[in-house]
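Visitor: Chains as they are written, first to last, in our numbering: chain P, 1 to 254; chain F, 255 to 528; chain C, 529 to 797.
Keep in mind the hints are simulated off the structure, nothing from the lab. Just so you know, even glycine gets a beta-carbon here, dropped at the ideal spot from N, CA and C. There may be inaccurate statements among the hints.
Quick list of the computed label-pair ranges, beta carbon to beta carbon [said to hold, decoys possible]:
1) P:LYS102 x C:THR573: 18 to 28 Å
2) F:TRP433 x P:GLY18: 46 to 56 Å
3) P:ASP7 x F:GLU386: 50 to 60 Å
4) F:GLY429 x P:GLU35: 47 to 57 Å
5) C:ASP587 x P:ASP7: 17 to 27 Å
6) C:ARG691 x F:HIS526: 51 to 61 Å
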Amino acid sequence: MPLIIKDEYPEKLFREDGKRLDGRDKHELRPIKMEVGILENADGSAYLEWGNNKIYAAVYGPREVHPHHLAKPDRGILRVFYRMATFSVFDRKRPAPGRREKEISMVLTDCLEPVLFLELYPGTSFEVYINVMDADGGTRCACTTVASLALADAGVPMRSLVTAVAMGKIDGELITDLSGIEDKAGEADLPCAMTWFNEEMSLLQFDGKMDLEEFSKCLTLAKDALTKIHAIQLDTLKKKYIEIQEEHKGGENE
Amino acid sequence: MMNIKRVISTIEKNYILSNLKKSERIDGRDLWEYRDWTVKSDVIASAEGSAEVTLGETKVITGLKYEVGTPFPDLPNEGVCTFMAELLPLASPLFERGPPNEQSIELARVVDRGIRHADCVQTKKLCIKEKEAVYILFLDIYVINYSGNLIDASGVSALATLISSRIPEGKWADGNLEWTGKYLTGKTIVNELPLVVTYGKIGDIIFLDPSLPEELVCDGKISISVTEDKITSIQKSGYATFSIEEIEMLSKKTMEISSKVKKELNLWQYKHDK
Amino acid sequence: MEHEQDESTEDSTTENNETEDIDEFEEGETSREVVVPGEVLTEDTKNFLPGRGTIFNKDRTKIISLNIGLKQIQRNYINVIPLRGFYTPRPGDKIIALVTDKNPVKYRCDINSKEEGILKPKNTVKRGKPRGFRDGPPDRHDNSTEKYKIGDILIVKVLSADRLNSPELTTVGKYLGKKRDGLVISIDPPKIPRVIGRSGSMIKMLKNLTKCNIFVTQNGRIWLKGEDITHERLLIDAIKKIEKEAHTVGLTDRMSEYIENEKKKRGIN
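Only chain P is shown next, with the shape it has when bound in the complex (with noise of 0.2 Å):
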């Protein structure tokens, strides 16, 4: 049976304000909070919220492989879990993961492993599990944001951060950072992630109708975003050690 209120899509994605349907630019990111080191039994973890996004990630390893037969004799391997608590979308999510779970759950991967050096870590595995336990919209960009958080709070050796962002085309014009609403209803999606030791793409997906000169000029705006976003991640990371060395500064004059 049908729910009682339905997820209808309003048929204009802009308001008479110029605005989009949160308020915000066409370019401007949704309210971004990030923290390291919350979860303690973890290697290492972390939380990110993004507009309404609310995600755990947490990492173990190295460790043993299991199963066994997965294990690669000259590098370890990634894992990465990524996986939606049912109640986490507007129609209930089943528990059990299911293809599209598994599905990113391989992009993720991919997308992580890049900067990782798997290949001092031989016969073991980092997993990264990852919970959305609310959805909003770039979902798979927040999760990738969040992850390289663990990775790096697990002490994992790691060539730069990865950051990631939904970048898409509504009533025609191309914004930065879809919220759900925008992606359902929108015309073009494109969730992209760059590794910045050498400033390229790791993750790149995109469904939607564009032409050559509009999709050139979004991934031009999508390197501004990830910019933004890096600097958030670089925050948070050192913010925890630093905001402990500002309350006993005094020491060193003592």
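Keeping the supplied structure of chain P fixed, place chains F and C upon it in accordance with the hints.
Guide: The following block gives chains F and C in isolation, referenced to the frame of chain P:
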């Protein structure tokens, strides 16, 4: 304590027990004291009800989603409330990924029974059209960090979720389901507030709210759910045995503790008015 | 019957300094600047070389940090002292092992690293001198695994650790062996040098002020035993504070002040 693995060291168990004999717990609490509680409601925008609860370092997030479905044939005018729990691997290296195992099933069932037998959820008010359409409420509990005593934390998170829910109110019009424009809230859905209280036992010593090291070395646990004046469910686990005197003492203590905790947490503050 | 006596003797503060004389946090010119993965540490690749925790970029025009840590310059090397990390066994390390399994030919131990440590019976008994009449009955444990049980805490030394095999351990040696009481706590392995301090200064101070015996080991595990639980709690709180503030200056003095204040507050001495 030492990083948690499956085997607990003998010296750790001895340390905990020898101190318990002197009524000392490693974190300095007394035998009948809870760790600190925090409760936050309305934490998940996509859910019709939600709560994040921490008890010490243990953290659980519970969310409520509804569906409309046909009732059970023997309860044609009652809605259904069903519980699920997942022990997320990120909460502890002891939790493996995969389908719900015994531990998570037991957790969901203990919370379910405590709430069901207290007639906490007004299932008759969850009926839209007798025999045709009732609400099915899914309460899903996710353990985000494991630091002992998941049962009590989950119990409170389930209550806070139910109390703070806002479920679109449906009506039956000519064989179609329509929205009245209003919402069912905790005031309508929740009647009683049963609280589940868990104790651990090591050797002869019983204590409230096992912390992680205590839970990993304990010989057994017992969880008792109570309302103002009635016991509504009990679950004993582990190989420890409890004497009849101990059980009676704990039942009485649970009433006192439950009363105190409910007052401290004041869960009704989380309800919405409309 | 075994003697009911702790194999591993209590007083081992000086012991910790044999292999770890250096408190990296206070070595060289540790700038206290917190850096993160991917951060450019210098573009002066003529005068500096990448040291610990750092790497050249592709065209060797920059030196980049690989970890969250403190930037440190030692002669012409740029290092990053990590603030987070995992333990990798090295031969000679003294660590705390938990026996998790055993079969007739070996013990398997959790050593807080990616692999289990293996303890063979021959590495649990002293060998060497021929036994005379007065030396008592021979130790029968050198070819069986009866000496230790699952759940035992052992202070061990790493004999070997390479990429192909599981690390091998031994309980033969000064200060090594089974612990019969006390407790073990864990901290982040990179912070261990801070708990020891330069020339053992921090650990000596902790021991004297809290009147506890402490054995700090390389895999992040610390064994301790005090007069009573209140002293032990104070020591644990102090160690957690060191872990949290490892990257700050003036820590040793601040810690002794903290402990003195806490002793007053908690009514102990």
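Visitor: Any of the earlier hints contradicted here, and which numbers?
Guide: Per hint list: 1, 2, 3, 5 violated.
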